[in-house]
Amino acid sequence: MMQVNSQKYAVVDLEATGAHAMAEIIQVGIVIIENNQIVKTYQTDVNPHEALTEHIIHLTGITDEQLAKAPDFSQVAQEIYHLISDCVFVAHNVKFDANLLAEKLFLEGYELRTPLVDTVELSQVFYPTLEKYTLGHLADVLQLDLTDAHTAISDAYATAQLLLKLKEKMESLPKELLEQLLPFSDNLLFETGMLVEESFKKAKVMSKKDYQEVSGLILRRAKTIGSERKLSDDFELNMALLGLDAREKQTRFAQMVKDDFQSSKISFLEAQAGLGKTYGYLLPLLQLAQDEQIIVSVPTKILQDQIMANEAKKIQEVFHISCQSIKGPGNYIKLDSFAETLHREGDNRLVNRYKMQLLVWLTETLTGDLDEIRQKYSFETYFEQIKHDGNLSEKSLYKDVDFWNRTYENAKHSKLLIINHAYFLERVQDDKAFAAKKILVFDEAQKLILNLEQFSRRRVNVTQLVQKLEKHLDAALPMLEKRLIESLSFQLSHLETRFYQNQEIYVTTEDAHRVEQAAKELLALNPEWRYLCLEDLLALFAQPFTDFWFETSFENEKRQTYLNASSGELLNFQDFLPETRKTYMVSATLHISPQVSLADLLGFEQYHYMSIEREKQTSQRIWIDEEMPNVAEISDEAYADVIAERIYQIRQLDEQMLVLFNSKKAMFDVSERLDEMELHHLTQEKNGTAYNVKRRFERGESHILLGTGAFWEGVDFVQSDKMIEVITRLPFENPKDLFVQKISNHLLAQAKSPFNDYSLPLAILKLKQAIGRTMRREKQRSAVLLLDPRILTKSYGRIINDALSEEFYISHQKFSKSLTEIKNFLL
Numbered sequence: 001m002m003q004v005n006s007q008k009y010a011v012v013d014l015e016a017t018g019a020h021a022m023a024e025i026i027q028v029g030i031v032i033i034e035n036n037q038i039v040k041t042y043q044t045d046v047n048p049h050e051a052l053t054e055h056i057i058h059l060t061g062i063t064d065e066q067l068a069k070a071p072d073f074s075q076v077a078q079e080i081y082h083l084i085s086d087c088v089f090v091a092h093n094v095k096f097d098a099n100l101l102a103e104k105l106f107l108e109g110y111e112l113r114t115p116l117v118d119t120v121e122l123s124q125v126f127y128p129t130l131e132k133y134t135l136g137h138l139a140d141v142l143q144l145d146l147t148d149a150h151t152a153i154s155d156a157y158a159t160a161q162l163l164l165k166l167k168e169k170m171e172s173l174p175k176e177l178l179e180q181l182l183p184f185s186d187n188l189l190f191e192t193g194m195l196v197e198e199s200f201k202k203a204k205v206m207s208k209k210d211y212q213e214v215s216g217l218i219l220r221r222a223k224t225i226g227s228e229r230k231l232s233d234d235f236e237l238n239m240a241l242l243g244l245d246a247r248e249k250q251t252r253f254a255q256m257v258k259d260d261f262q263s264s265k266i267s268f269l270e271a272q273a274g275l276g277k278t279y280g281y282l283l284p285l286l287q288l289a290q291d292e293q294i295i296v297s298v299p300t301k302i303l304q305d306q307i308m309a310n311e312a313k314k315i316q317e318v319f320h321i322s323c324q325s326i327k328g329p330g331n332y333i334k335l336d337s338f339a340e341t342l343h344r345e346g347d348n349r350l351v352n353r354y355k356m357q358l359l360v361w362l363t364e365t366l367t368g369d370l371d372e373i374r375q376k377y378s379f380e381t382y383f384e385q386i387k388h389d390g391n392l393s394e395k396s397l398y399k400d401v402d403f404w405n406r407t408y409e410n411a412k413h414s415k416l417l418i419i420n421h422a423y424f425l426e427r428v429q430d431d432k433a434f435a436a437k438k439i440l441v442f443d444e445a446q447k448l449i450l451n452l453e454q455f456s457r458r459r460v461n462v463t464q465l466v467q468k469l470e471k472h473l474d475a476a477l478p479m480l481e482k483r484l485i486e487s488l489s490f491q492l493s494h495l496e497t498r499f500y501q502n503q504e505i506y507v508t509t510e511d512a513h514r515v516e517q518a519a520k521e522l523l524a525l526n527p528e529w530r531y532l533c534l535e536d537l538l539a540l541f542a543q544p545f546t547d548f549w550f551e552t553s554f555e556n557e558k559r560q561t562y563l564n565a566s567s568g569e570l571l572n573f574q575d576f577l578p579e580t581r582k583t584y585m586v587s588a589t590l591h592i593s594p595q596v597s598l599a600d601l602l603g604f605e606q607y608h609y610m611s612i613e614r615e616k617q618t619s620q621r622i623w624i625d626e627e628m629p630n631v632a633e634i635s636d637e638a639y640a641d642v643i644a645e646r647i648y649q650i651r652q653l654d655e656q657m658l659v660l661f662n663s664k665k666a667m668f669d670v671s672e673r674l675d676e677m678e679l680h681h682l683t684q685e686k687n688g689t690a691y692n693v694k695r696r697f698e699r700g701e702s703h704i705l706l707g708t709g710a711f712w713e714g715v716d717f718v719q720s721d722k723m724i725e726v727i728t729r730l731p732f733e734n735p736k737d738l739f740v741q742k743i744s745n746h747l748l749a750q751a752k753s754p755f756n757d758y759s760l761p762l763a764i765l766k767l768k769q770a771i772g773r774t775m776r777r778e779k780q781r782s783a784v785l786l787l788d789p790r791i792l793t794k795s796y797g798r799i800i801n802d803a804l805s806e807e808f809y810i811s812h813q814k815f816s817k818s819l820t821e822i823k824n825f826l827l
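Going by UniProt numbering, the sequence shown opens with residue 1, and the numbers climb by one from there.
Hints may be right or wrong, so weigh each one.
With a Cα cut of at most 30 Å, we get these calculated BS3-like pairs of lysine-lysine [to be verified]:
| hint | residue 1 | residue 2 |
| --- | --- | --- |
| 1 | 399 | 412 |
| 2 | 616 | 742 |
| 3 | 165 | 175 |
| 4 | 437 | 230 |
| 5 | 165 | 249 |
| 6 | 249 | 766 |
| 7 | 204 | 230 |
| 8 | 230 | 201 |
| 9 | 664 | 686 |
| 10 | 209 | 95 |
| 11 | 437 | 313 |
| 12 | 412 | 387 |
| 13 | 95 | 376 |
| 14 | 202 | 165 |
| 15 | 766 | 132 |
| 16 | 132 | 752 |
| 17 | 301 | 8 |
| 18 | 95 | 165 |
| 19 | 69 | 209 |
| 20 | 766 | 814 |
| 21 | 208 | 395 |
| 22 | 376 | 438 |
| 23 | 208 | 40 |
| 24 | 202 | 230 |
| 25 | 209 | 395 |
| 26 | 230 | 169 |
| 27 | 223 | 387 |
| 28 | 412 | 395 |
| 29 | 301 | 202 |
| 30 | 208 | 69 |
| 31 | 313 | 230 |
| 32 | 665 | 742 |
| 33 | 471 | 558 |
| 34 | 208 | 8 |
| 35 | 208 | 399 |
| 36 | 817 | 752 |
| 37 | 616 | 768 |
| 38 | 314 | 376 |
These aren't lab readings, by the way, just hints derived from the structure by calculation.
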């Protein structure tokens with residue numbers, strides 16, 4: 001065996017007939033790095049002597065005709081071996097490339113015994129906050145040259161650049177940090193840890209200007225932002241100072257915010273998505289506010305993070321205004337708990353890699369917000385151990401640098417505070433002073449209705465509760481106590497079984513009373529059960545809750561069953577809200593119908609309403625399928641067949657496709673048909689959680705994604721330049737849903753129509769939100785195909801069509817004609 005030079009790297013990428021063990025190599029790309037310089041490149045096609053699949057041809061651009069002229073692997077094996085045998089073997093997903101190449105070389109009489117380094121794992125450790133670690137995504141983020149992705153030499157060249165960037169970053173980190181990483185680096189794949197050791201030798205000691213060492217952890221020092229600068233009275237000038245151009249409607253929106261500032265009434269401001277509303281309300285309010293704090297509440301933590309990373313960050317950099325984001329304590333790392341895990345032996349390889357990742361992250365983060373670790377969902381059990389619980393001991397070694405404590409204190413004094421709707425509701429319930437006399441902005445205010453409903457509900461994880469109860473049956477307990485545990489466990493399990501077997505979603509008052517009584521008897525016998533698991537269950541049956549029902553979800557690939565409780569009355573938000581300096585409700589949709597507005601549903605009687613006229617989208621169009629049968633007139637099986645056949649034909653356009661369903665049953669039925677047609681696709685829950693299947697879809701594992709639930713309004717597709725979105729049915733709410741019944745009763749009491757004044761307009765709103773999932777940035781093009789003929793045949797269809805026509809160009813055609821138009825539109 002040749003002697004390996006640890007400073008010489010062969011960065012290798014292979015294209016093959018598949019990702020399986022029996023795959024044949026069809027292309028080899030090699031880049032040689034020596035002394036941190038690219039000194040040589042090598043590329044060759046290889047004849048596999050078998051036909052390529054359509055997927056491989058599409059992915060690589062390589063054809064059978066091209067490979068027919070290429071050499072056999074036996075003809076290039078010697079040259080490849082001598083080129084790389086004295087180097088460290090590097091690849092992006094090294095296990096596949098190294099194993100496949102070593103096997104093919106061995107069959108030709110060459111034994112490859114080089115050290116192996118994986119740039120995927122190195123990237124995960126040293127770029128800890130990225131959402132994904134595909135070569136394409138890394139190329140975008142790190143500006144790597146990847147001009148011809150999925151050709152071997154282009155991928156190898158980009159991986160070589162990635163390796164050089166990784167080495168540069170590793171050597172720039174404090175020597176003390178790399179020393180901490182060394183004991184964990186053996187957990188990296190193959191010999192990947194050798195690069196950590198090499199970087200340790202070259203790294204410099206910690207700069208006390210940038211870092212601080214606290215009880216063994218190295219943390220990034222917070223930066224001072226300087227004296228606050230006054231904003232101009234001119235919105236366009238403020239935008240120019242930020243390096244941005246103000247749009248006409250954005251300027252008008254900002255003027256509306258300004259004009260209504262002195263009014264004591266709450267302001268409802270309606271403006272179309274994409275207008276730039278965030279700067280439109282932030283800049284005038286920051287200019288007008290004196291000593292008042294501005295609190296901006298948004299519907300999700302993701303949007304909260306986006307505002308902090310974009311608008312708030314830019315405002316802080318240019319105007320030196322203090323901005324702070326705050327969430328519940330469980331979102332932040334607890335340094336005491338994390339430090340304990342560093343000393344714990346026996347954790348698996350993945351957990352130890354996460355420890356490395358977090359050690360690097362602590363030298364970068366200023367927030368300690370675990371949401372910055374985008375891949376933490378891969379091992380949630382570990383992150384549960386290190387998240388903050390809101391308690392901080394006076395004896396804590398990290399008391400002065402605790403992220404949650406520091407965030408909580410900073411939030412009291414910052415000029416701009418970014419929160420989410422759920423946090424606002426929880427916080428104000430406990431502390432009205434949090435929002436009193438402040439300037440409040442509720443962005444995407446229409447989401448407050450559902451947030452209020454969720455806030456007024458309680459839920460208990462029945463799966464976990466039954467497991468806890470049965471676990472205690474093994475303990476040495478008095479016979480009566482065991483009998484009571486068995487009784488409660490039986491009651492819950494019986495209801496859970498009826499839910500799954502008979503689809504009995506709602507729990508009768510009698511059944512709820514039996515469960516409550518069993519829990520009370522157990523608690524009366526042993527009060528300690530309150531702290532073990534029964535406190536939340538009993539809270540479920542307390543006033544004002546009157547309605548109970550089951551629902552299920554998949555978490556960490558395991559099914560969890562929840563028992564929910566809700567009151568029969570809507571929560572009046574006006575009564576809940578303390579007296580503020582000024583409150584704005586901002587949304588793209590505030591008037592749900594001519595008779596019902598968001599203000600009505602939130603309980604406001606006195607308010608100002610202002611809006612900016614809408615304009616049509618040009619990068620997104622809607623097609624309505626005239627030939628689609630009415631679902632009420634055909635069987636479920638026939639309906640699934642029709643949907644599957646249309647998906648099959650749309651797939652021939654060779655574009656990414658999102659297919660939205662109202663029901664899981666319909667989604668699974670169609671998925672089964674696609675399996676029979678051998679059409680590769682991803683299905684929510686069947687192939688993973690919404691988050692996981694979206695990530696796999698964007699990674700290119702399939703061109704088809706079937707989804708429901710969160711995909712209607714909570715999951716955005718930002719990466720894809722072109723997409724086809726198929727909406728299988730109009731999104732009417734289930735009239736049996738307890739929340740829908742609650743709204744209906746509320747409207748009937750006011751002599752209003754639940755369907756015309758709520759259900760229909762809400763379906764239109766949900767439809768618009770779904771359409772917006774595939775249009776999240778400029779230069780995206782999105783075609784939407786609606787497979788529900790009711791928009792053409794029902795009396796209410798004209799109302800839906802007119803509402804969509806305000807923002808989108810719509811055509812209704814025969815299916816084949818629609819396909820032709822969609823193809824031309826996406827060119």
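Hints and how they fare:
1. At most 30 Å may separate the alpha-carbon atoms for a hinted pair to count; residue 399 and residue 412 meet this at roughly 18 Å.
2. Under the criterion of a C-alpha separation no larger than 30 Å, the hint pairing residue 616 with residue 742 is inconsistent with the structure, at around 35 Å.
3. Proposed proximity of residue 165 and residue 175 is supported: the alpha carbons are some 18 Å apart, at most 30 Å.
4. Taking the CA atoms of residue 437 and residue 230, the gap is about 22 Å. The hint holds against a cut of 30 Å.
5. Among the hinted pairs, residue 165 with residue 249 is inconsistent with the structure: their alpha-carbon atoms are about 43 Å apart, more than 30 Å.
6. Restraint check for residue 249 and residue 766: the C-alpha separation of about 24 Å stays at or below 30 Å, so the hint holds.
7. Under the criterion of a C-alpha separation no larger than 30 Å, the hint pairing residue 204 with residue 230 is inconsistent with the structure, at around 41 Å.
8. Proximity of residue 230 to residue 201 is assessed by CA-CA distance (about 48 Å); at most 30 Å being required, the pair is judged violated.
9. Distance restraint check for residue 664 and residue 686: the Cα-Cα separation of roughly 10 Å lies within the 30 Å cut-off, and the hinted pair is therefore satisfied.
10. Distance check on the hinted pair: residue 209 and residue 95 sit about 40 Å apart at the alpha-carbon level, beyond 30 Å; violated.
11. Proposed proximity of residue 437 and residue 313 is supported: the alpha carbons are some 25 Å apart, at most 30 Å.
12. Proximity of residue 412 to residue 387 is assessed by CA-CA distance (about 22 Å); at most 30 Å being required, the pair is judged to hold.
13. Between residue 95 and residue 376 the CA atoms are separated by roughly 23 Å; this keeps the pair inside 30 Å, and the hint holds.
14. Only pairs whose Cα atoms come within 30 Å are accepted, and residue 202 paired with residue 165 is accepted, the gap being roughly 15 Å.
15. For the proposed pair residue 766 and residue 132, the alpha carbon gap of about 29 Å is at most 30 Å, so the pair holds.
16. Distance hint between residue 132 and residue 752 is unfulfilled; the C-alpha atoms sit about 49 Å from each other, more than 30 Å.
17. Between residue 301 and residue 8 the CA atoms are separated by roughly 45 Å; this puts the pair beyond 30 Å, and the hint is violated.
18. Our distance criterion of 30 Å between C-alpha atoms is met by residue 95 and residue 165, whose separation comes to about 21 Å.
19. As the CA atoms of residue 69 and residue 209 are separated by approximately 60 Å, the hinted pair breaks the 30 Å bound.
20. At most 30 Å may separate the alpha-carbon atoms for a hinted pair to count; residue 766 and residue 814 meet this at roughly 25 Å.
21. For the suggested pair residue 208 and residue 395, the alpha carbons sit about 25 Å apart, so the restraint of at most 30 Å is met.
22. As the CA atoms of residue 376 and residue 438 are separated by approximately 35 Å, the hinted pair breaks the 30 Å bound.
23. Among the hinted pairs, residue 208 with residue 40 is inconsistent with the structure: their alpha-carbon atoms are about 40 Å apart, more than 30 Å.
24. With a C-alpha separation of about 45 Å, the suggested pairing of residue 202 with residue 230 is violated against the 30 Å cut-off.
25. With a CA separation close to 27 Å, the supplied pair residue 209 and residue 395 stays within the 30 Å bound.
26. At most 30 Å may separate the alpha-carbon atoms for a hinted pair to count; residue 230 and residue 169 exceed this at roughly 38 Å.
27. At most 30 Å may separate the alpha-carbon atoms for a hinted pair to count; residue 223 and residue 387 meet this at roughly 24 Å.
28. For the hint linking residue 412 to residue 395, the alpha-carbon distance of about 24 Å falls within 30 Å, and the restraint holds.
29. Note on residue 301 and residue 202: the hinted pairing is violated, with a Cα-Cα distance of about 40 Å set against a maximum of 30 Å.
30. Restraint check: the Cα-Cα separation between residue 208 and residue 69 comes to about 61 Å, which exceeds 30 Å; the hinted pair is violated.
31. Under the criterion of a C-alpha separation no larger than 30 Å, the hint pairing residue 313 with residue 230 is consistent with the structure, at around 16 Å.
32. Under the criterion of a C-alpha separation no larger than 30 Å, the hint pairing residue 665 with residue 742 is consistent with the structure, at around 26 Å.
33. This hinted pair checks out: residue 471 and residue 558 have alpha carbons roughly 19 Å apart, not beyond 30 Å.
34. Proposed proximity of residue 208 and residue 8 is contradicted: the alpha carbons are some 34 Å apart, above 30 Å.
35. Our distance criterion of 30 Å between C-alpha atoms is met by residue 208 and residue 399, whose separation comes to about 20 Å.
36. As the CA atoms of residue 817 and residue 752 are separated by approximately 41 Å, the hinted pair breaks the 30 Å bound.
37. Distance hint between residue 616 and residue 768 is fulfilled; the C-alpha atoms sit about 13 Å from each other, no more than 30 Å.
38. Our distance criterion of 30 Å between C-alpha atoms is met by residue 314 and residue 376, whose separation comes to about 27 Å.
Of the numbered hints given earlier, the model fails hints 2, 5, 7, 8, 10, 16, 17, 19, 22, 23, 24, 26, 29, 30, 34 and 36; all others are met.
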